[in-house]
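For the protein sequence lines, the chains are G and L, in the order given. According to full-length UniProt numbering, the stretch in the first sequence is residues 1 to 257, in order. According to full-length UniProt numbering, the stretch in the second sequence is residues 1 to 292, in order.
If you're looking for bench data, these hints aren't it; they were derived computationally from the structure. Any given hint could be a false lead.
What the simulated footprint calls covered on chain L by chain G, stretch by stretch (three residues with Cβ under 8 Å from a Cβ of chain G suffice, anywhere in the stretch; the number is not a length) [stated by the list, open to error]:
{"#": "1", "region": "182 to 194"}
{"#": "2", "region": "198 to 205"}
{"#": "3", "region": "266 to 276"}
Computed, partial: chain G to chain L, Cβ under 8 Å [as the list claims (entries may be wrong)]:
{"#": "4", "residue": "Leu50"}
{"#": "5", "residue": "Asn54"}
{"#": "6", "residue": "Leu56"}
{"#": "7", "residue": "Val118"}
{"#": "8", "residue": "Ala152"}
Cβ atoms here follow ideal geometry from the backbone N, Cα and C, with glycine treated the same way.
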Amino acid sequence: MADSAQAIEVSNLHKRFGPLEVLKGVSLTARQGDVVAIIGGSGSGKSTFLRCINMLELPTAGTVTIHGEEIAMKKDGHGGLMPADRRQVQRLRSQLGMVFQSFNLWQHMTVLQNVIEVPVHVLKIPKDKAIATAETLLKRVGLFEKRDAYPAFLSGGQQQRAAIARALAIQPLVMLFDEPTSALDPELVGEVLSVIGDLAREKRTMILVTHEMKFAREVSNHVVFLHNGMIEEQGPPEAIFGAPKSERLKKFISSIH
Amino acid sequence: MTGGGVDLKPAQADAEGGSLILGDEALILPAYVPPKARSLLEPHRLFLMAVFALLVFCAIWFMRWDWLPKYALRLVAGIWQTLLMLFSTAIVGFLFAVPIGLVQVTGPRLLAWPAKIFCTVIRGTPLLLQLWLLYYGLGSIFAQYPEIRSSFLWPYLRQAWPYGFAALTISFAAYEAEVMRGAFAGVPRGELEAARAFGMGRFTMFRRIWLPRAIHRALPTLNGETVLQLKSTPLVATITVIDVYAVVSRIRQDTYLTYEPLLLLALIYICLTGGLVAAFRFFERRIPTRRA
Numbered sequence: 001m002a003d004s005a006q007a008i009e010v011s012n013l014h015k016r017f018g019p020l021e022v023l024k025g026v027s028l029t030a031r032q033g034d035v036v037a038i039i040g041g042s043g044s045g046k047s048t049f050l051r052c053i054n055m056l057e058l059p060t061a062g063t064v065t066i067h068g069e070e071i072a073m074k075k076d077g078h079g080g081l082m083p084a085d086r087r088q089v090q091r092l093r094s095q096l097g098m099v100f101q102s103f104n105l106w107q108h109m110t111v112l113q114n115v116i117e118v119p120v121h122v123l124k125i126p127k128d129k130a131i132a133t134a135e136t137l138l139k140r141v142g143l144f145e146k147r148d149a150y151p152a153f154l155s156g157g158q159q160q161r162a163a164i165a166r167a168l169a170i171q172p173l174v175m176l177f178d179e180p181t182s183a184l185d186p187e188l189v190g191e192v193l194s195v196i197g198d199l200a201r202e203k204r205t206m207i208l209v210t211h212e213m214k215f216a217r218e219v220s221n222h223v224v225f226l227h228n229g230m231i232e233e234q235g236p237p238e239a240i241f242g243a244p245k246s247e248r249l250k251k252f253i254s255s256i257h
Numbered sequence: 001m002t003g004g005g006v007d008l009k010p011a012q013a014d015a016e017g018g019s020l021i022l023g024d025e026a027l028i029l030p031a032y033v034p035p036k037a038r039s040l041l042e043p044h045r046l047f048l049m050a051v052f053a054l055l056v057f058c059a060i061w062f063m064r065w066d067w068l069p070k071y072a073l074r075l076v077a078g079i080w081q082t083l084l085m086l087f088s089t090a091i092v093g094f095l096f097a098v099p100i101g102l103v104q105v106t107g108p109r110l111l112a113w114p115a116k117i118f119c120t121v122i123r124g125t126p127l128l129l130q131l132w133l134l135y136y137g138l139g140s141i142f143a144q145y146p147e148i149r150s151s152f153l154w155p156y157l158r159q160a161w162p163y164g165f166a167a168l169t170i171s172f173a174a175y176e177a178e179v180m181r182g183a184f185a186g187v188p189r190g191e192l193e194a195a196r197a198f199g200m201g202r203f204t205m206f207r208r209i210w211l212p213r214a215i216h217r218a219l220p221t222l223n224g225e226t227v228l229q230l231k232s233t234p235l236v237a238t239i240t241v242i243d244v245y246a247v248v249s250r251i252r253q254d255t256y257l258t259y260e261p262l263l264l265l266a267l268i269y270i271c272l273t274g275g276l277v278a279a280f281r282f283f284e285r286r287i288p289t290r291r292a
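Isolated chain G (complex conformation) (with noise of 0.2 Å):
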């Protein structure tokens, strides 16, 4: 715990819609550096657990602390949980670089502004700065060709990798994909991927929720598999595809090849 400081804690983090409970209990670290994998069939919780993390979904119980600052929360009244503070919250969410599967770029904006917006409309760095900064990312996702252009004329990967250089726009603590690839074609999964990688491997601490069971298992150093809202195995990657414990993550395993 003394080398590499937690990025990312949550404790018994519930979730229930109605009558239906989502997360039963879910806990998870993250220290700087990790790349943690969620896998899971679907409806397994994964990604309501991934969108807990920002508060994009608000968690019934538990608690989510991230860089050692808990999210305060408070009773909302109906029997589940409000941020306490919402600028508390507001500023921790500018750390966490979310990329969404469906991608959710601005269309008004172009690809360039869209990776500046929040620098600049929130993180109030200078703007000839937040350019400098945002060419550098596009040239790192291959994009700079297309910085002036609207994300309507782009395809699904480029938008996909503008989307990544506007969560790294940020420089976010923590990087949390949820299913990055899942809507896209099968041939620009790859050029996504690629991106992603390069990120792992420069330790970028990373939150993965994802399909892609093969890239989980060479980029993460941590997996976990979800099943029914609960957390039924984790472990090193090699351990969970290598030698699965349980029944459930065996099924699984053998499902996806």
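We have chain G already, so just place chain L on it with the hints.
The following block gives chain L in isolation, referenced to the frame of chain G:
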């Protein structure tokens, strides 16, 4: 593009379920070929243009236009009054329309209901009726109170244009609130979620993402609505505001001419409409949208 996430849902479900069936049976549609832009010089078009030119020539040659120089200045002043009415009511009306539309999408019921009722009542009654109710109704009530008559507002309230301005503004606000309600609701939730996920505050999100995105979506509709607003402005002539329509009516009374002033009036409105459409097109083109 927005369909991208939806289209692939079956493939994704397959990947999760195990059996991976991708694209083999994908329906192949013939590529869309846009119709070729046709030249203006095609024979039937040349013929129609010739007919039109002949009509214009006849109108100029055989009709009486000698009154034009005498009334030119008044016509210009009338056009100015019309444009002033149009732009002031459209701008102020739109400023009201944004919050009235927004509360219907996201506001508490206490605000959403009055907004809905306002839109329904205003859109459900003729503009002429609203204008007369304001001018002959409210205007005459105001005149009965000495407090109002002696207040600094009276020099304005005893004129006609404030009532015309108010009626046109209220009407535009109600119609555009409905347009903006749809536009706000139509902005993809994911884009707003992305704004939240990056720590944007509510106001920044509204100002930077939600509002510009909604206005962009609504621009073609707003274009049409502004043209309609232009053509609602002549109603203020019924309460003695001297716009271009009132000037032309006056010319007809003075000269006993029936068609010439009306033709001129039509031409003026067509030119104003053309200018409006061109201005809106300019703004629409600033953010290109892909035509699927």
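Quick rundown of the hints versus the structure:
1. 182 to 194: holds (count 5)
2. 198 to 205: holds (count 5)
3. 266 to 276: Not satisfied, violated; 0 residues make the cut.
4. Leu50: violated (11 Å)
5. Asn54: holds (6 Å)
6. Leu56: holds (6 Å)
7. Val118: Holds, because the Cβ-Cβ distance from Val118 (chain G) to chain L comes to roughly 4 Å (cut-off 8 Å).
8. Ala152: Given a least distance of 4 Å, the restraint on Ala152 (chain G) holds.
The structure is inconsistent with the numbered hints 3, 4, although it conforms to all the rest.
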